[in-house]
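Q: The chain contents come next:
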Amino acid sequence: SQQGEEDPQALSIQEGENATMNCSYKTSINNLQWYRQNSGRGLVHLILIRSNEREKHSGRLRVTLDTSKKSSSLLITASRAADTASYFCATERERGTSYGKLTFGQGTILTVHP
Amino acid sequence: DVKVTQSSRYLVKRTGEKVFLECVQDMDHENMFWYRQDPGLGLRLIYFSYDVKMKEKGDIPEGYSVSREKKERFSLILESASTNQTSMYLCASSPHTGGKNIQYFGAGTRLSVL
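Read top to bottom, the protein sequences are chains A and B.
One point on numbering: in this note's numbering, the residue at position 92 of the first sequence is 92, and numbering is uninterrupted.
So the number in this note's numbering is just where the residue sits in the second sequence, counting from 1, plus 1000.
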């Protein structure tokens, strides 16, 4: 079953605008990660936020985590056409020996128009 | 940089054929994973391995098997390919880092079963 669910499924914006994607999950987590996938390629890790963190920044990326609501958001500021991709959240569960298993959401397709 | 290499970008096979998908990583990672990715379903874990000769079923193992004889190589085997196994297959690896396991992905193999 899918742990993470993303919203919206698709997002279309103009260059320079901000893009916000949301992710909800069901069980307790150790961390939550965001990945990016360019069309027809593999996924690339963007950022990881631990369950005891509330906000994290990396360049133009800002991730927030609300464990009480079991949700996270990814904000991309000042978007560029090159940001066009699919974005996935992934959660690593808290308990047991997970061996780094992640459960991925269905992804948000972001299109940035020049 | 971590490199995860999948042997083929595109494969076309016939129903009933035995299919081997190969994945090699060059960073001495303990964990390796096989996913399939289908539109609207996100990434689903087929099998993973946390050590040489060790394997664990993921969420959708039916119709698949795996082999990990060497640390750097993780093979996915379709014993008798069927049309419903037409999909994008993604391999990933990650180190044992105790709670912040980032996965590194290959470019993917797009398999068509006719």
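Rather than coming from a laboratory, the hints here were simulated on the basis of the structure.
Worth double-checking, as some hints may not be accurate.
20 Å max Cα-Cα, derived SDA-like pairs, lysine to any residue [what the hints assert, rightly or not]:
1. Lys-1100(B) / Asp-7(A)
2. Lys-1003(B) / His-45(A)
3. Lys-1100(B) / Ile-109(A)
4. Lys-1070(B) / Glu-1056(B)
5. Lys-1100(B) / Arg-50(A)
Computed from a predicted structure; not experimentally measured.
Q: Hints first: check each against the structure and report whether it holds.
A: Here is how each hint holds up against the structure:
no., hint, in the structure
1, Lys-1100(B) / Asp-7(A), "24 Å, violated"
2, Lys-1003(B) / His-45(A), "13 Å, holds"
3, Lys-1100(B) / Ile-109(A), "25 Å, violated"
4, Lys-1070(B) / Glu-1056(B), "16 Å, holds"
5, Lys-1100(B) / Arg-50(A), "8 Å, holds"
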